[in-house]
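Undergrad: Single-letter residue listing:
4 protein chains.
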Amino acid sequence: MSVSAPSAPIDKPRSNCGVVAVYGHPDAARFAYLGIYSQQHRGQESAGIVSGDGRQLHRHVGRGLAADVFSDAQIFSTLTGHLAIGHNRYSTTGASMLVNAQPILVNLVDGPFAVAHNGNFTNSGLLHKQLADEGALFQTGTDTEVILHLIARSHAATLSEKIIQALREIRGAYSLVMMTKDRIYAARDRNGVRPLCLGKKDGVWFVCSETCALDLMRADVIRDVQPGELIEIGPNGMLSHQIEPCPARYACIFEFIYFARPDSRIYNENVDKVRRKLGKNLALASPADADIVISVPDSSNTAALGYSRRSGIKFELGLIRNHYVGRTFIHPQQDMRDFSVRVKFNAVRGVLNGRRVVLVEDSIVRGTTLRQLVRLVRNAGAAEVHVRVSSPPILAPCYYGMDFPHKGELIAATMSVEQIRTYLECDSLAYLSMEGLMNSVSCEEGGYCTACFSGEYPILVEDSIGKLQHEVL
Amino acid sequence: MSVSAPSAPIDKPRSNCGVVAVYGHPDAARFAYLGIYSQQHRGQESAGIVSGDGRQLHRHVGRGLAADVFSDAQIFSTLTGHLAIGHNRYSTTGASMLVNAQPILVNLVDGPFAVAHNGNFTNSGLLHKQLADEGALFQTGTDTEVILHLIARSHAATLSEKIIQALREIRGAYSLVMMTKDRIYAARDRNGVRPLCLGKKDGVWFVCSETCALDLMRADVIRDVQPGELIEIGPNGMLSHQIEPCPARYACIFEFIYFARPDSRIYNENVDKVRRKLGKNLALASPADADIVISVPDSSNTAALGYSRRSGIKFELGLIRNHYVGRTFIHPQQDMRDFSVRVKFNAVRGVLNGRRVVLVEDSIVRGTTLRQLVRLVRNAGAAEVHVRVSSPPILAPCYYGMDFPHKGELIAATMSVEQIRTYLECDSLAYLSMEGLMNSVSCEEGGYCTACFSGEYPILVEDSIGKLQHEVL
Amino acid sequence: MSVSAPSAPIDKPRSNCGVVAVYGHPDAARFAYLGIYSQQHRGQESAGIVSGDGRQLHRHVGRGLAADVFSDAQIFSTLTGHLAIGHNRYSTTGASMLVNAQPILVNLVDGPFAVAHNGNFTNSGLLHKQLADEGALFQTGTDTEVILHLIARSHAATLSEKIIQALREIRGAYSLVMMTKDRIYAARDRNGVRPLCLGKKDGVWFVCSETCALDLMRADVIRDVQPGELIEIGPNGMLSHQIEPCPARYACIFEFIYFARPDSRIYNENVDKVRRKLGKNLALASPADADIVISVPDSSNTAALGYSRRSGIKFELGLIRNHYVGRTFIHPQQDMRDFSVRVKFNAVRGVLNGRRVVLVEDSIVRGTTLRQLVRLVRNAGAAEVHVRVSSPPILAPCYYGMDFPHKGELIAATMSVEQIRTYLECDSLAYLSMEGLMNSVSCEEGGYCTACFSGEYPILVEDSIGKLQHEVL
Amino acid sequence: MSVSAPSAPIDKPRSNCGVVAVYGHPDAARFAYLGIYSQQHRGQESAGIVSGDGRQLHRHVGRGLAADVFSDAQIFSTLTGHLAIGHNRYSTTGASMLVNAQPILVNLVDGPFAVAHNGNFTNSGLLHKQLADEGALFQTGTDTEVILHLIARSHAATLSEKIIQALREIRGAYSLVMMTKDRIYAARDRNGVRPLCLGKKDGVWFVCSETCALDLMRADVIRDVQPGELIEIGPNGMLSHQIEPCPARYACIFEFIYFARPDSRIYNENVDKVRRKLGKNLALASPADADIVISVPDSSNTAALGYSRRSGIKFELGLIRNHYVGRTFIHPQQDMRDFSVRVKFNAVRGVLNGRRVVLVEDSIVRGTTLRQLVRLVRNAGAAEVHVRVSSPPILAPCYYGMDFPHKGELIAATMSVEQIRTYLECDSLAYLSMEGLMNSVSCEEGGYCTACFSGEYPILVEDSIGKLQHEVL
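Protein chains in written order, with numbering that gives the first Met the number 0: chain A, 0 to 472; chain B, 0 to 472; chain C, 0 to 472; chain D, 0 to 472.
It is possible that part of the hints are untrue.
A pair counts as met if it fits within one copy or between any two copies, since identical chains are not told apart.
Only pairs whose alpha carbons sit at most 25 Å apart, straight line, appear in this in silico DMTMM-like list of lysine to aspartate or glutamate [to be verified]:
(1) Lys313 x Glu268
(2) Lys406 x Asp26
(3) Lys128 x Glu160
(4) Lys313 x Asp288
(5) Lys128 x Asp181
(6) Lys313 x Asp290
Just so you know, these hints were derived from the structure itself, not from any lab.
Okay, chain A solo, but in the shape it has when bound (with noise of 0.2 Å):
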């Protein structure tokens, strides 16, 4: 029933930026704020605006959650102009963060540009080896910057050439916005890997990584952003470019299981629907001998809810999440034992005491937090606890824009089932199954990417390093 934390959840993966990009009203800054508060789940460490007036482009980034970088609404009064495009970010920290905070805004041959992305390429680092070797000068060596220096570098002969010659050296994951003074441009890899969308009102055209951004700012959902797509908005109109042919779609599936919000509609799907179908199959294949159902909220309500309605087992609030937790939380013991998800989340004893438990999570990365919640759940009296997945094992990383840890510290890639069990203290465990996951899908469109359950890359990683190192210059 709740989006999520001001911080981010313990142990999920973080990453996984959110875009927007808005054209045609005076005051299009200010949807696009609207924008990056909807999408604050998909990053809560910069948020940063761009907008254009058809002269010059304005922009304000800041560090923190979007509501308070631009909570002072003079910041507005410079943000002028009928086009803009916005970006949450989770990002990694240090001295120099500010200079990564997107969008960026440069100048070209062509004029002002910005861009802001979410994704990330798998050749970034031989592209910026080339780059560099011609010459091309890196201030942080971001994804976004090598895609500046391929744009910079083309010779087609306009600008949306330019970007579509850029874009065919990139491979990976991305959903790009652009603009210049006076057009906006989105762009959605061939793979399709993160979700972009279309939406429309009183002929304002939004772009948006969720639909839920598309709702607070009352627009029509129009159409998804599709695979190798690079769509142009402009004093014309709206025109669609191909980038390349789309060889098949990998949409992200850990998009549905966790990250986007469960009002959101992403790859033509509602979220609501394929998480409750998530849990409900998760019921079918294994049921527990248990007296009520909960979940670890809010991520996991709505496959708990699914969970119960299958199992006919009661769903109950049993876990209460804290949501004032501020950015820096002094911790005042630090041999506190199990404080930090203590912190988070209270149980309800009236609600656990003597009963049999099944605890619903989405997914587990580390374990860490789900053995604490479990200890926390006994502790308030629980007689069993029965600990069932929504989603399969994670055994890999992945390369296509999630910051899971590396594969040592995954739990599942290096414990069997039973070892996890005997790790989180729980009476039984189990994982929904791939064949469970997929037949929560449509896929109606094509394929996902399930790489980080299966291993199975379906982009390939060109970069023998995976990522780039940013920061540590």
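Following the hints, position chains B, C and D against chain A.
TA: Just chains B, C and D, lined up with the frame of chain A:
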């Protein structure tokens, strides 16, 4: 499943602070911090702690959430000592606000003395006038300052007796924690209006408004501080004094309906259990011909679940709450219809579309928010919307600590149920009856204050103005 | 040529606040701001203003320089009204510091009342004890709070009489400004220790510590507030009350030597003229066989010029002062010799090299800074360094408002002139004599307090402890 | 006697940054901090340091004074290593300002590289266009970024050769410091327009704009970096490269008149001595029948003293400067005549009243401030005001690093001396002649740039626009 949002909920009573006291741990201030962090839902405007080391008292207060006010670990290096008290406050705003931040620290003839307060006196106007006429100098005019003057003027032999003498002059609602340089005090008014409980762990004593704070500290619940009791904890252990006999208990029943956290136990009852009974009794008396039950998250979750269980209608997650609302959210467009509710809630179309919906809300103050929520649910495709309120109509303001608006702004004080239904634009509307309310609580220890529903004030309000005008000097 | 640096000068008395009051201008607070800005040299730790509009009082105080505390124009939109008082303060530090920030605003029976204070009472300890025994509640224990309690307890018929009655109980030094919602008051102790003057322009009344504030406001100097006088300005114009007769004037002579700005006129004398005479008399009595005269900028500039004029030795700019020292300068190396003085001053080698130098300093407290300056001058090539001090040796602490250290830290209280010369490592050292000092001032209106030079305290210090320990509760 | 005020002086050229480099001390960053602190008068808008520890570079930059940007000691715990460079900047304002803060840190193929710059290129527009046409991606468009692109594109064998190759393409004025992870570089343009000097102490090397920085670090002045020289300091000691031969030196003569600190030695001359000669030559050529000489503090102090000495007219302290002006001073009344100058300066009536005054000012740009100062002096009772300017009339803007306004705003470019006298409302006005100016400097090493006085630009300005428009994208 969630406590509530960083900023205060829309159209809900606010005020109603939280207090905590700790005795006997070398890092007492850090435990006081855990206490005010756990009780953050009771007041989000300011937070403060005073600690004592046997010789001096140390104070840190600030505006905002506890996690922000105490975000710097160095603060705790100044808050030394083995005893501490803390406070959360929802204060009126204004430049002089910090003067009123609690705990207040003063110098008595007996030495430094600090106090923190939850409640509202009903004779503070009279006492204030009387004290001022005698030459007492008021810096704030708050209830808390009245107590201090009464203590300072008492000629009793010991400080404990001075406190008792002072408290005997006070009428109304209070749960107080106080401290000298080597002992803490906790007092509850003779009618026990506000909750206050006692906990212990490994020889360390704790006093707090709600038991959820004891859970985070891993302390055991000992018992409630009794109506009319003054507890003193110092080098010689715990002493209980009787301020005056308890003529009748009038525990605030609204704590069960909305204020307290569901994982707390107050007045010897689990909040969660009572809240679920409210939903069940509501379902019994006011059924609805509907497909699904949804709640206004998060405060109505438990009641909605109770309604669903008793009625047999499926519980669904139809509204998503955004917890990222900042302190000062910039509204992008003043004329955007329903914006203030849309920025906090989004409807899940896949759940609501074509369904007949029961929308459970815990209480209605002005009705402005609920009206927008009904519209939001209907716009998401709901075929019918049946509002069910898990408390009786609010007819009268509170003089015992809750910050309700004036009678003229209470929708139920000026409209019939049918008029309210028309205003809310819902298909049907039903409130819980007074009988349904009283059947949900145990009453085993005595009575409750239901003045906001009945208009019958069990404690005489001696001040004609009800409340002092503090801030505007 | 410069007033002084953003941070307090090294090894100088600090304290000694500034006050201002304005009556009769619709933007009174803005003029009060000009006043405290002009008097910034009298206190750099906090600044505050209270304004009144005939109905309410409005307050804004903060830590730091006036220009920083009032850097937001919106502050003035809340400080409305036609009367205002302001204060600069050099305060003791600590977490509870803002509680002590002035002006203090309280609620008397007569209505809201604000006060700001420059000076030090000599019987506040006695009064505090007496008031506390009678049940008065102290939040700060400052002199200012003592005044307020005395006023609150007075049973006189009118507020003016209450103030007079209160001030009659007070001994020591004070220049006070006070205000109700529609009138201002200004009072000066019966010995006239601290300056306080009255100005007027276009029907608007001004009261301030120094006339330099009147210059910025473009107001005319009317006259000094007289020793023992209470001035009341309200709807009916200006009234003068006599608190008590002036037995003898004891104006602080150190104001001429160091504190006051050279462009001010205090005690009916130009500070600049007196300061120059100090230098001239010093040259007469203590000549030096030297090539150039230099000053320790900026406070000794005028005296150095006087010394140069009378001695015929060329005045040169041999030391450069850096005014960019921040609030908390990070010292790069703890062991860097003479660093604290070098960070503020640099010697001009081209001026000093090979020269016999007279270095004029206004006063010596501990001598630590001057010792490093002598070394700095010598390292820049000076052949000889002759220190000339334009005041007599400081032998005793001040109980009337200046923050000198304890006697044991005053170099002249523990060493002979020759010992000091050896410590300072200069070739010769001479102080101005008491005769030279008294010949520099006019004395026409009465006497001066010279206790810090003579150890003879003209006003009895009734408190054995001299000063209350405020901050440490 | 004072360097200058926290905020930039009114109506003076601003720009003209300061640079510093340190090699060979384990706390190199702390010495770099001393350097930028000492050179604060060269730029007050931002400050930054990059340090290197042989493996990585670490950067901290911020807006404001060095003492504020580096007020937190923890910053230095991250700026580790034995080499560092630093920068003071007066930058144009705007949201994107921090992007332009120096030192800039980028990743070259050769590794991390940082640069800080004082000066202005005269062909950066051409270079920028040429580089952009070749696909170079500009984030700022500053001169500094142009250097970096040139280095990145060079195919020379070593980094030193790349730097030399890059600098050979640049025309105009520059004093640069650069660093890799284990060596520092310092370069000065072939005409030696801006100062740059080399110092050493105990095996540690220092490079800085002015020798006053070496004084604070207690380092010895070794020599100037020569026009056209590139110095490289690394593990193998100090190497000198010749970028290109020095065709003729054109040292900026305005550094002597206003910019440099009087305690510095630049171009092998003491600033103090030159500045005094300016005053003496002014007195010789333009005597005045007057009683006293006063200066506009602090920048004109030395020249005024020189005028006084040569003319025999007494030097007096007639104007007092307030150094407490904050960053954003709130003007209390928009219509207050002469307010902006009165808030910084006050006249000493006792000095000026009835006197015929020579007012010495170092230079006149627009004349707006000086006009108000003349009025201030006259209002304080001066019988006559004779303005003497210790530099020739400023007729033309600077393209080599000083931020003069456009020609149309230069008062001497549009008015005759008599017209200016009338505008200033003074009794007489005289400027120093070009001959007087040139007689004040030694010229022993070559010539000076006097373009702002003569309009003759010794270095061709290849960019038609003179300067890139950086900030407005």
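Undergrad: The structure should be examined with respect to each hint, and the outcome stated for every one.
TA: Hints, verified against the model:
no.: 1; hint: Lys313 x Glu268; in the structure: between (27 Å within a copy, 22 Å between copies)
no.: 2; hint: Lys406 x Asp26; in the structure: neither (46 Å within a copy, 39 Å between copies)
no.: 3; hint: Lys128 x Glu160; in the structure: both (24 Å within a copy, 21 Å between copies)
no.: 4; hint: Lys313 x Asp288; in the structure: both (12 Å within a copy, 21 Å between copies)
no.: 5; hint: Lys128 x Asp181; in the structure: between (33 Å within a copy, 22 Å between copies)
no.: 6; hint: Lys313 x Asp290; in the structure: both (7 Å within a copy, 18 Å between copies)
The structure fails to meet hint 2 from the earlier list, while all remaining hints are met.
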